[in-house]
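Trainee: Using the sequences and the accompanying hints, generate a full structural model.
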Amino acid sequence: MSSRHPGLNLGEAHGAAHEAAEKEVFGFWVFMMSDAILFGLLFATYVVLQGNTNGGPGPSDLFEIPSVLIQTVLLLTSSLTAGLAQLAMKHALGTRRIVIWLLISLALALSFIALEVRDLLTMISKGGIPEASGFLSAFFALIPLHGLHVVAACLWLLALLGQIARYGLDDAVKTGMLRLGILWHFLDIVWIGIFTIVYVGGLA
Amino acid sequence: MNRRQERRSYAIGYGLALALTLLVFALVGFDLLPRRSTLWVAGVAAVMQIVVHFRFFLHIRLKGQTREDLQLILFTTLLLLLMGGGTIWIMTDLSRRM
Amino acid sequence: MNAHDILLGRLDATALPWHELLLADTRLEVISGIVGLSAAIIAVAGALLVATALTWRRLWGPLWRDWLTSVDHKKIGIMYMVLACVMLARAVVEAGVMRLQQALGSGGGGIVTPDHFGQLFSTHGTIMIFFVAMPFLTGLINFVMPLQIGARDVSFPLLNSVSLGLTAAGAVLVMVSLVLQPFSTGGWSGYPPFTDASFNPGAGPDYWIWAVTLSSLGSTLTGINFTVTIYKERCEGMHMMRMPMFCWTSLCTAILMIFAMPPLTVATGLLALDRYLGFHIFTNDGGGNVMMFANLFWLFGHPEVYILILPAFGVWNEVFSTFSGKGLFGYRALVMATMCIAVLSFTVWVHHFFTMGQSTELNAIFGIATMAIGIPTGVKIYDWMLTMYRGRVRITVPMVYGVGFLFLFVLGGTTGVILANPSIDYQVHNTLFLVAHFHNMVIPGTLFGMIAGYTLWFPKAFGFRLNDCWGYRAAGLWIVGFLLAFFPLYILGLMGMPRRMVAYFEGAWLPWTLVALTGAALIVLALLCLAVQLVVSLRNRAELAVPVGDPWDGRSLEWALPAPVPEWNFPALLVVEGRDAFMELKMKGDHLDRPRDGFIDISMPRPSCVGPVVGAAGLIAGFGLTWHIWWLTVVSLTVIVAAMVARSFVRETHRTVPAAEVEARWNAWRTLADASPRIRRRDEQRQANRGHAFPAAREGGE
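As you go down the protein sequences, you meet chains A, B and C in turn.
So for the first sequence, my numbering puts the first residue at 23; every next one is plus one.
So for the second sequence, my numbering puts the first residue at 565; every next one is plus one.
So for the third sequence, my numbering puts the first residue at 1284; every next one is plus one.
Simulated from the structure, these hints should not be mistaken for lab results.
Treat the hints with care, since some could be wrong.
PhoX-like cross-link-like pairs, simulated, lysine-lysine; straight-line CA separation at most 25 angstroms [stated by the list, open to error]: (1) C:K1515 to A:K45; (2) C:K1515 to B:K627; (3) A:K45 to B:K627.
Derived CB-CB ranges, DEER-like [as the list claims (entries may be wrong)]: (4) C:V1933 to B:R619: 32 to 40 angstroms; (5) B:R567 to A:S82: 46 to 54 angstroms; (6) B:R619 to C:A1929: 46 to 54 angstroms; (7) B:T641 to C:V1928: 28 to 36 angstroms.
Sample of chain A residues lacking proximity to chain B, with all beta carbon distances greater than 12 angstroms (derived) [unchecked claim]: (8) H27; (9) G37; (10) T75; (11) D83; (12) H113; (13) R140; (14) I146; (15) E153; (16) G169; (17) G184; (18) G224.
Built from N, CA and C at the ideal position, the CB exists for glycine as well.
Mentor: Structure representation (structure tokens):
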């Protein structure tokens, strides 16, 4: 069975929405590829600068594994629930179910952000500020950018909820959901890179 | 793919991803292996987890995928290797000569 | 923090264009100040002139309704090209001033101070690349490519408008820097630590960062748009291997844009973090790594030059085949060569900084990769020559540029192979030899391609041809002007003259700089000829009209449409059966036939204010960031986000063009075609050419 675009495909039953999705989702996918290069280069920058602690605090002074683990599980679970929201949409399981899964994803993502902000503030209180060294500058360029992407995805989710309230599940909402799903999974993939290269790389 | 199969796909993907995650964090948290080995295992686990995400969450397979979707992923991967690998090679080379 | 600081950030009277003059002590500083002030006055006067003309003729309404809010790829394409032409005028004048300075600067002195000269070469390069070449080529692809693949528009028309807005915002920001000075003196590549806050804390580098960022965001979105369009909007039967070569080069250009812009965004973004928040990514101290910038910038910079040349190669494909009356030789080879160039362009970036400390092994490998790129390019050159061979070649204006391109670009390419050798590069890097090389690629390659493309497709866009006489004059002046302006630079480079030199004391260099100055003067004349050509053509547009739409006996689908093209492009969706689809139709005699399945209602996207709003907000955000006017930045970024969210709630995004209107338009075209004589190619420059061509392949024994 072939799929017309990356991510969950709505299938023929969704008619015009499935038609429109092909180019809309492909276009968004292409955008994700360019974003992947952007993050990839920030990773490369981090790897180059990670040893430049400039006499200041290093990873072992600043990173907390338990918190990072919780954040990882939160984000991964939100990826699952976002996928389930899309499934519910594809199989027409009712607006209520879709909205519930979306709200759960939102809550998980916001918890992720809250924990991350807490971690960053803790780091700053210990002298782990970006002005202190190349290592910290690279860290603060990469991690908050990912966080900003997550915040943007949450904003988008809220806008979609607004559209569902106003228009119900029309074609534009459906393709919007598909694209949001792709973004959500993509951000989780970038996080895999972050916890591996930054946190595991720093603390192993 | 019917609803049950698709839901299973997400569940399996989640399970695999969680397992890989916990494995890596356990290695680091409990200092189970020397640094080099930990990094290698973590690296391989990361690649595996990314594949899991692609297959079970993003439904991307080698077969039955629109050609351009796959071409784009492969090209992006190639460029990430060239740009990332090239950067690390160049900067290491430079620092060796400093 | 007083009210002035909060309201206006660090903007104060020292930014005003007469400040340099007020501080001037020496004669040089006074002259330099006058030059700077004059530039600001001309910019402001130009803007006021345009505004006055628009007000006087009550054109603000039509400008907003029919152009700025349009999401039609044809109009957006034209607006991109207009933007490029305006910026070209400024950048050429800057080049002229620099040539003048280098002619007068022998023994010190001249007309501009070192600081002013630094701004000149920085704006010249930044404008030429980001605000002339890229917009022009983007505009050309925008206009032509959807027509060639039989589509009604690009995949994301609104995004297209947003891209234009962002690019225009960057251009306006650079123009603002003429009035609220200064601009960066760090060159178009903006290397730290020179552009770091520790050495250049002023507004200059920040202007550069935000102008370039706006442009690169626009280009990334354009790349996405073009890629999806070519993959998803081709008409039935238009397989990838049946597309015109211009579409193949457009696809590879788009892919390069998508993947080459992120490194630039990362480089300028991290530099901004260093400058605004005290980060240590590229700083000399604190654990920064200065070389990372050069690495990141050229990861962008090398694919960028292929973004500049591939669309021009696309134009040459069309020019050589059309004016040789023959299909392109070696289509498959050309496709493979284009794809090879696209991939290889990501493997050679170190050659831009061979001299910055890498080991010989590393340099050698990148040097070999650099030389390898010459091979697919050579394949293209041979294929074009073989297209001309045994064709019936007509020396039209685009062909004059084309032949000039073949000779000059190949010469420039060989200097590239010379530079690819790191040992040689150590001698000539950052001398005028390098400057001559890249201008040798960009002028005969990109610029001649732009002008040839402009000449080729102008009749399609506006319904009348351009005056040939002035076209030939301009072409001749460009070729001779280029030779005189740049070949002496090869010699100067080999004699050791560095680039970006404001003054020098080596007498032997003077004669060559004078020759270069003459060349620059001829180039200015060439530009004037192009301007005169446009005015004359506009005046004589009745005689030059080609409303039937096929003035050159074209081979691809865009020539099947009337000129100017109706908003919906094709009256009915096409089915294509081979390459050179329109030539096929003409040979069968089908090209005037009524659409087989009749006419239906067509759904076209409505105009939208999102593009201009995002552009204006982007401009204001860039300005606010440059001058540290934080409240302004926050407000404008909020506007952008709000516009995006608001747009997502809009549902009435399309309007229907009734079938009757489409049919009426088609009928009018058909009547015109029937009434126009079918002209043979030898008559294509005569007034009888109304755009109805008799296919050359049918002409016996001519």
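Trainee: For A:D83, is the shortest beta carbon distance to chain B beyond 12 angstroms?
Mentor: 16 angstroms, holds
Trainee: Are B:R567 and A:S82 spaced within 46 to 54 angstroms by their CB atoms?
Mentor: Taking Cβ atoms as reference, B:R567 and A:S82 lie about 47 angstroms apart, which means the hint holds.
Trainee: Quick check for students: does the CB of A:E153 sit more than 12 angstroms from each CB in chain B?
Mentor: Holds, because the least Cβ-Cβ distance between A:E153 and chain B comes to about 22 angstroms, which exceeds 12 angstroms.
Trainee: Check the following: the C-beta atoms of B:T641 and C:V1928 are separated by a distance inside 28 to 36 angstroms.
Mentor: 33 angstroms, holds
Trainee: With d taken as the least Cβ-Cβ distance between A:G224 and chain B, does d exceed 12 angstroms?
Mentor: Incorrect as stated: the minimum Cβ-Cβ distance to chain B is 9 angstroms, not above 12 angstroms.
Trainee: Beyond 12 angstroms from chain B, beta-carbon-wise, is A:I146?
Mentor: 23 angstroms, holds
Trainee: Verify that the Cβ of A:R140 lies farther than 12 angstroms from every Cβ atom of chain B, and report whether the claim holds or is violated.
Mentor: The assertion about A:R140 holds, with a minimum of 19 angstroms to chain B.
Trainee: Are all beta-carbon distances from A:H113 to chain B longer than 12 angstroms?
Mentor: Violated, because the least Cβ-Cβ distance between A:H113 and chain B comes to about 5 angstroms, which does not exceed 12 angstroms.
Trainee: Looking only at beta-carbon atoms, does the pair C:V1933, B:R619 fall within the given range of 32 to 40 angstroms?
Mentor: 36 angstroms, holds
Trainee: Is the claim that A:G169 lies outside the interface with chain B correct, judged by CB distances over 12 angstroms?
Mentor: The claim stands: A:G169 keeps its Cβ more than 12 angstroms from every Cβ of chain B (closest is about 19 angstroms).
Trainee: Does the no-contact call for A:G37 survive, Cβ to all of chain B over 12 angstroms?
Mentor: 18 angstroms, holds
Trainee: The output says A:T75 does not contact chain B. Does that hold with a beta carbon cutoff of 12 angstroms?
Mentor: Per Cβ check, A:T75 is outside 12 angstroms of chain B; nearest 15 angstroms; holds.
In the structure shown, a violation is registered for the earlier hints numbered 6, 8, 12, 18, in ascending order.
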